[in-house]
Amino acid sequence: MSSGLPRSSYDPRRIFLFNLPKLNLGGKGREIGTYLAGGLFAASFFLLIDASTISSHAKPPPDAPYDTVPVHISFTDWIPAIFSTLGYLTISILDKTHLTSNSSDSFGSEGSIASRARAVLFVGVALLAGGFAGSLTVLILKYLVPGYNAYAYYGAANVGMNGGLMLSSLILWIAQSSSDEYEYQLTV
Amino acid sequence: MKAGLKTVVVLAFVLAIGFTLVILSCALWNNWLPLIVAFTFVLAPLPNSVCGRLAGSNDFTAESNTAYLSFGHFLTGTLVSSGFAIPLILLHSKLIQGPACWMSMAGGSLVYGTILVYAGLFNEGQDEMGF
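The listed protein sequences derive, respectively, from chains A and B. For the first sequence, counting from 1, position 186 maps to 186 in our numbering; every step adds exactly one. If you want our numbering, it's the position in the second sequence, counting the first as 1, plus 188.
Same shape as in the complex, but just chain B (with noise of 0.2 Å):
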């Protein structure tokens, strides 16, 4: 897929207001606890570059180990599933307020998906990244 100059344009602006969502929602209640949620999601995209090079993912010719890629792929369910879920524990226990539940959450799906769309589309001559 060809990426042009609009497509980083538009992604650094989703990118831009994901991050401002996430600050947001914890400055306007003075209540740092939602920054994890962003740290959860920048994290998610980690463990498939990390095991794709462990397994030699690229040379078709060796062995290449399945198992690091399952464990990529384990790892990376967990961190997304984290993201979702800490601020819907920090809401039920009213640690947190509803908005910032939901505009933590909000922001971090964003910065993740800017991160999964951009490493599909400028990723052209490795085969598949497939986070």
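Chain A extracted, bound-state conformation (with noise of 0.2 Å):
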């Protein structure tokens, strides 16, 4: 090894020219990383079911009562949430240190766990994208274009859950994938 790098520093399997800090929240950081990531989990959630109790409790305007509300949240609304939701699931439920590992299967045949483990995380991270893709579709094409202005707040509270669901799974991630050292001080 002829590079100029100290030892202890240089790890050689780095895809990166510099090295990238790596977060170590410890056993503590973990715990209240996982709360926090369910809190806005259920907050982003409660924020669409919000904007629906609006919506089935809303009257029209009191100089014309006898109008119709027009528009109203429908199962179009939730789609995004749903596909959010199944990306949410499918990133948390994947262990993450197989994302690194260059072990193969026992068996050798399937290929590596690793390239297996990143298939499932690119469907995830795909389904939480397009989830939060068709949220600012909804809100353009069914608020925004035909001109309901004063109903944009449906389409923003979508917006908000699946951009919270996003971030709720961000911080999981950061919060699981630090390391487990007060574990292992447990275990020794």
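You can trust all of the hints, since none of them are fake.
The calculated DSSO-like cross-link candidates involving lysine-lysine, where the alpha carbons are at most 27 Å apart (straight line), are:
(1) Lys59/A / Lys282/B
(2) Lys282/B / Lys142/A
(3) Lys96/A / Lys28/A
(4) Lys142/A / Lys59/A
Listing some non-contacts, in silico: residues in chain B with all C-beta distances to chain A over 12 Å:
(5) Ala215
(6) Ser237
(7) Val305
For the record, the hints were derived by calculation from the structure and aren't laboratory data. The model shown is predicted, which means the values in this text are computed figures rather than measured ones. All C-beta atoms in this analysis are idealised placements derived from N, C-alpha and C, irrespective of residue type, glycine included.
Assemble the dimeric complex from its two separately framed chains, guided by the hints.
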């Protein structure tokens, strides 16, 4: 090894030129991050439920009490949420330690574990991003283009819900991938 | 931490005040929707204890599964967050009055805080409950 780097900070398997900082929160940070992720998950769901409740109890404007309310939240508004939730579950169920492992299967025929884990991760992230893009589409096509600007909160809540799920999955990822030093201390 | 008799009495009082606030927030306006808050906050400590038992967290020689523990933390966060979110939603869609919302939220957090403090004080034998 003829590089000038000190031996301790050199990882021969790294792929970036610069050392990326490794977030290590420890046991307590792991716990708090998981709590935060759960809270954000529920809060983003309740944002969409809030919009649905308002929509189902919406009354026509007081100066025209016999008009009908022009737009309601329907099943269309929930489709992005379904995609995002599926993606969230896929990402959170995945065991992150397999993403960087080099070891192959015990049978060695199906390809390495890492590539399969990465494929599952790709599907999960695609579902999450698809949900977010779908919520933006609903906001624009259902509320902004037809000119229901007074009801734009329904679409905005949808975007906020899907963004909240993304953020929550990010927090959960960071919290769960921090090292289990706490656990090791207990096992020793 | 030593927990004396006074602590128990104070905790019981706080618990009673919390439940009174929640029930008042329903009864004063004759609208029993805020009672959902009490259920979420009473249920909130449950996932941690169930998942802690499932993971076998007291047996360190065996391989303790942290996935169960993390799932319990996640569920706790979900329940506590929904305890605060439900009154806000009901207020936002004008199903309950403003004071009812704040009263049920305050009462629910008092109940949850009491359960946490009680569990923290009287579980000395176990290392850490970590609600």
